[in-house]
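Engineer: Chain by chain, the residues run as shown.
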Amino acid sequence: MSAPRDYESIPGTYVYDAERGRVGYHLNMFCMSLNKPENRAAFKADEAAYLSRFTLTPEQKDAVLKRDWLGMLRVGGNIYYTIKIAFCDGLTFQDVAGMMCGMPKDEYAKMMLAGGRTPVGNLYKTTPRAGEKS
Amino acid sequence: MARIVGGIACSHVPAIGVAVDKGNDGNPYWKPYFERIQPAREWLAKLKPDVAILIYNDHANALSLELIPTFLLGTAAEFPIADEGFGPRPVPKVIGHPRLAWHLVENLILDEFDMTIANAMPVDHGLTVPLTVTCGQPAAWPFEVIPLCVNVIQYPPPTGVRCFKLGQAIRRAVEDFPEDLRVVVYGTGGMSHQLQGERAGFVNQAFDQSFLDGMVDDPVRLTQISHTQYMRESGSEGIEMVMWLAMRGALGEHVREAFRYYHVPTSNTAAGLLCLDSE
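Sequence lines, in order, name chains W and H.
When we follow this note's numbering, the leftmost residue of the first sequence carries the number 1, and every step to the right adds one.
When we follow this note's numbering, the leftmost residue of the second sequence carries the number 1, and every step to the right adds one.
Hints listed in this document are in silico derivations from the structure and should not be mistaken for laboratory results.
Be careful, since some hints might not be right.
[Stated by the list, open to error] Some chain H residues well away from chain W (every beta-carbon gap over 12 Å; in silico):
#1 Lys31
#2 Lys48
#3 Leu63
#4 Phe71
#5 Asp83
#6 Arg99
#7 Pro156
#8 Lys165
#9 His227
#10 Glu279
[To be verified] With a straight-line cut-off of 25 Å between C-alpha atoms, the simulated SDA-like cross-links for lysine to any residue are:
#11 H/Lys48 - H/Lys93
#12 W/Lys110 - H/Gln205
#13 W/Lys36 - H/Pro88
#14 W/Lys110 - W/Tyr124
#15 H/Lys48 - H/Ala76
#16 W/Lys125 - H/Ala76
#17 W/Lys125 - W/Gly115
#18 H/Lys93 - W/Phe87
#19 W/Lys36 - H/His227
#20 W/Lys125 - H/Thr228
#21 W/Lys36 - H/Lys46
#22 W/Lys61 - H/Leu67
#23 H/Lys22 - W/Lys66
#24 W/Lys61 - W/Leu51
#25 H/Lys22 - H/Ala139
#26 H/Lys93 - W/Pro11
#27 W/Lys36 - H/Gln209
#28 W/Lys36 - H/Asn151
#29 W/Lys36 - H/Val20
#30 W/Lys36 - W/Asp68
#31 W/Lys66 - W/Leu56
#32 W/Lys125 - W/Gln94
#33 H/Lys22 - W/Gly90
#34 H/Lys31 - H/Asp50
#35 W/Lys105 - H/Gln205
#36 W/Lys36 - H/Pro80
#37 H/Lys93 - H/Asp111
#38 W/Lys110 - H/Tyr262
#39 W/Lys61 - H/Ala258
#40 H/Lys22 - W/Cys88
From the three backbone atoms N, C-alpha and C, an ideal C-beta is built for every residue, glycine too.
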């Protein structure tokens, strides 16, 4: 029996479930390798060459090279793993969060200071998100 | 006989650790947070615990996707600080309590909670940030720490009910330990937050306030929250709050609220700190 995936109705959210775990394993293990300083140096020296050590799909490689943070989630990235690339780039979690929701850094920081993204209109995909045209 | 004297629910936002490590805890962004949590540090110091059982999750540091234990208990004599991708945090190494840890392993497994046993592992911000929040920057941590990791990174994590029952089993096991020890239990993570996707930055203050109330008076109500409800209403990473329920289960039926603080934002997250006396 397959577990119900009623969480798919949550907007703007990529639950790292069995399906994503199956396709994202190698992508995330590449990210994990960046915990080691010598691997961070090798990746920065030649990103494409370093990536070729891992069995990533072309889409996964492309998303990493382009730093397409949202794209990485769509091809099986887990945020706790993909954030290692951001750390390697000298970015913070908040920088990446802003990029994933397409907000300029200052605007995102301002939203957080004002109490964060509101639950109003952000609980179900069927309702438009705050600031989004229906 | 060992006994549980208190419980701490504490967010483990990495930025809190970075603020302290870089000496930024006095700047305008962080000052209000660190000023308000001071009574929690005083409460814990007065409680004089010998050992903490610290329930947290690893963030791709000690563990990877190669092996994903749902529950893991650290039995080592000491735990080094992990390099999470930008060098290890400059905090004291964590000293374990192998005798109590092995006692917990034996008792929990025979009580039908199948713990994975870790004889060697580094610990990351999930464990060290709550120590920083509640103990500041001592030269050595003031008590021994038994790390208890819960998987909340690969869906599905254990249910709230399961975590609450694990806490109850931890209490039984601690009370069965023959040495005279004062034990505190930490439940870490939360509160509402989402770090990923177009909905990043999600915070639900009403959910969090209701959760804090329930932690004191009605944890059984909280055990009924489904995984989808956590992710929808408290953000995809808010699901970490199942770890608070493991702590609450370990405290017994009645608790006294000693301290509560709720703060938005700490980086991308709503941070909560709740100290409970065990009765």
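Engineer: Would you check whether the claim that H/Lys165 is not at the interface survives, using Cβ distances to chain W and the 12 Å cut-off?
Structural biologist: holds, 20 Å
Engineer: Are the Cα positions of H/Lys22 and W/Lys66 separated by 25 Å at most?
Structural biologist: violated, 31 Å
Engineer: Is the nearest CB of chain W more than 12 Å from the CB of H/Phe71?
Structural biologist: holds, 18 Å
Engineer: So is H/Lys31 really clear of chain W, every C-beta pair being over 12 Å apart?
Structural biologist: Per Cβ check, H/Lys31 is outside 12 Å of chain W; nearest 14 Å; holds.
Engineer: Hint check: H/Lys22 vs W/Cys88, CA-CA at most 25 Å. Holds or violated?
Structural biologist: holds, 19 Å
Engineer: Hint check: W/Lys110 vs W/Tyr124, CA-CA at most 25 Å. Holds or violated?
Structural biologist: Distance ~24 Å between W/Lys110 and W/Tyr124 Cα, so the pair holds.
Engineer: Under the criterion that the straight-line Cα-Cα distance not exceed 25 Å, is the pair W/Lys36, H/His227 satisfied?
Structural biologist: violated, 33 Å
Engineer: H/Lys31 and H/Asp50: Cα distance at most 25 Å?
Structural biologist: Violated, at about 30 Å.
Engineer: Run the distance test for W/Lys36 versus H/Val20: straight-line Cα separation, threshold 25 Å.
Structural biologist: holds, 24 Å
Engineer: For the pair supplied as a hint, H/Lys22 and H/Ala139, confirm whether the alpha-carbon distance does not exceed 25 Å.
Structural biologist: holds, 16 Å
Engineer: Taking 25 Å as the top limit, are the C-alpha atoms of W/Lys36 and W/Asp68 close enough?
Structural biologist: holds, 23 Å
Engineer: For H/Lys22 and W/Gly90, compute the direct alpha-carbon distance and say whether it is at most 25 Å.
Structural biologist: Given pair H/Lys22, W/Gly90 holds - Cα atoms ~15 Å apart, limit 25 Å.
In summary, the structure is inconsistent with hints 3, 5, 7, 9, 16, 19, 21, 23, 26, 27, 34, 37 and 39 from the numbered list given earlier, while agreeing with the others.
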